[in-house]
Amino acid sequence: MNSNLLGRIESLLDELNKSERKIGNYILANSAAVIKMTASQLAQQSQTSPATVIRFCRSIGIESFTDLKLQLSAEYQHPNHGKYSDIDSTESISELKSKLLGNSIQAMEETVQLLDERTVIRVCDEIRKADVLYIYGIGSSSLVAEDISQKWSRIGKECLVVKDVHIFLANMSSSSKKGVFLAISNSGDTPEIIRLTKFLAKQGITTMGLTQLGSNALSKVVDITIHTVRSKEAIIRSGATSSLMAQLITIDVLFFAYLLTDYEKNMEDIHRSRKIIQEYQKGM
Numbered sequence: 484m485n486s487n488l489l490g491r492i493e494s495l496l497d498e499l500n501k502s503e504r505k506i507g508n509y510i511l512a513n514s515a516a517v518i519k520m521t522a523s524q525l526a527q528q529s530q531t532s533p534a535t536v537i538r539f540c541r542s543i544g545i546e547s548f549t550d551l552k553l554q555l556s557a558e559y560q561h562p563n564h565g566k567y568s569d570i571d572s573t574e575s576i577s578e579l580k581s582k583l584l585g586n587s588i589q590a591m592e593e594t595v596q597l598l599d600e601r602t603v604i605r606v607c608d609e610i611r612k613a614d615v616l617y618i619y620g621i622g623s624s625s626l627v628a629e630d631i632s633q634k635w636s637r638i639g640k641e642c643l644v645v646k647d648v649h650i651f652l653a654n655m656s657s658s659s660k661k662g663v664f665l666a667i668s669n670s671g672d673t674p675e676i677i678r679l680t681k682f683l684a685k686q687g688i689t690t691m692g693l694t695q696l697g698s699n700a701l702s703k704v705v706d707i708t709i710h711t712v713r714s715k716e717a718i719i720r721s722g723a724t725s726s727l728m729a730q731l732i733t734i735d736v737l738f739f740a741y742l743l744t745d746y747e748k749n750m751e752d753i754h755r756s757r758k759i760i761q762e763y764q765k766g767m
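Position one of the sequence shown corresponds to residue 484 (my numbering), numbered consecutively onward.
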């Protein structure tokens, strides 16, 4: 699967510091040559330092310069020509369907490639240990919050989707149950979410954030960051559809990974909940 590393670098350029941006621009212009370079050679060519090259790799979500070269090599041999596309006034229904499908597929493919397996394991472990899973998202992210609640509730995990913060804080303060908090924000800069996350962290609650790749406010305040791909926002925000698809595929990966932690019990719970729904529908 193509990770679209060059697209990731391009989308993150504005968030990098001046020296790291030099490296990013050099790689974008000379990707084939970089594959054969050492970190010192890249630093020399981009007029930076080897240490900056290492920091650059980490800033774009790559563990090492060797990993960066491996991904560049794979991308060079199997180029990904897909781009996020906005619609225009001359669009036919056929073209509209094709563009939206392409945007969604690319966002999901890149997100699955980006998801770190160790992070998935950590998130599953935190949810397993908690008595209650608190979830908060605003706008389209609230749809993802509802999806999380629906999934984990079916296997016996108590979930509370936060809508009214005051009611949520009152319930939390009067409960003796151990909770874990999952904040959802594609931008990572939603003020209400940042404020609540900081407050809960001070209360000793483990916090997790589902947000796009990059250095945003949410990723800086949570204990665990779950990254989705940073899709370019088109003029009329068809990118919002892509980001939603990226969030939903991430939740699917987390949920099915969680099922595997105690597969037999979790499947029994799913079958039990399905049976109850079927019995209810028979009586209608």
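Hints are computed from structural coordinates only; laboratory data are not their basis. C-beta atoms are modelled at their ideal positions from N, C-alpha and C, and glycine is treated no differently. Treat the hints with care, since some could be wrong.
Claimed, not checked - Per label pair, the in silico range of CB-to-CB distance:
id	residue 1	residue 2	range
1	513	747	51 to 57 Å
2	513	656	54 to 60 Å
3	754	600	37 to 43 Å
4	523	652	20 to 26 Å
5	614	703	49 to 55 Å
6	511	755	36 to 42 Å
7	596	626	40 to 46 Å
8	764	622	39 to 45 Å
9	748	605	16 to 22 Å
10	646	744	44 to 50 Å
11	765	654	55 to 61 Å
12	497	750	41 to 47 Å
Hints versus structure:
1. 513 / 747: 51 to 57 Å: holds, 53 Å
2. 513 / 656: 54 to 60 Å: Since the Cβ atoms of residue 513 and residue 656 sit about 56 Å apart, the hinted range of 54 to 60 Å holds.
3. 754 / 600: 37 to 43 Å: violated, 28 Å
4. 523 / 652: 20 to 26 Å: violated, 53 Å
5. 614 / 703: 49 to 55 Å: violated, 27 Å
6. 511 / 755: 36 to 42 Å: violated, 53 Å
7. 596 / 626: 40 to 46 Å: Given a distance of about 23 Å, which is not inside 40 to 46 Å, the answer is violated.
8. 764 / 622: 39 to 45 Å: The hinted range 39 to 45 Å is violated for residue 764 and residue 622, with Cβ atoms some 32 Å apart.
9. 748 / 605: 16 to 22 Å: holds, 21 Å
10. 646 / 744: 44 to 50 Å: The hinted range 44 to 50 Å is violated for residue 646 and residue 744, with Cβ atoms some 29 Å apart.
11. 765 / 654: 55 to 61 Å: Cβ of residue 765 to Cβ of residue 654: about 35 Å, so the range 55 to 61 Å is violated.
12. 497 / 750: 41 to 47 Å: holds, 45 Å
The structure is inconsistent with the numbered hints 3, 4, 5, 6, 7, 8, 10 and 11, although it conforms to all the rest.
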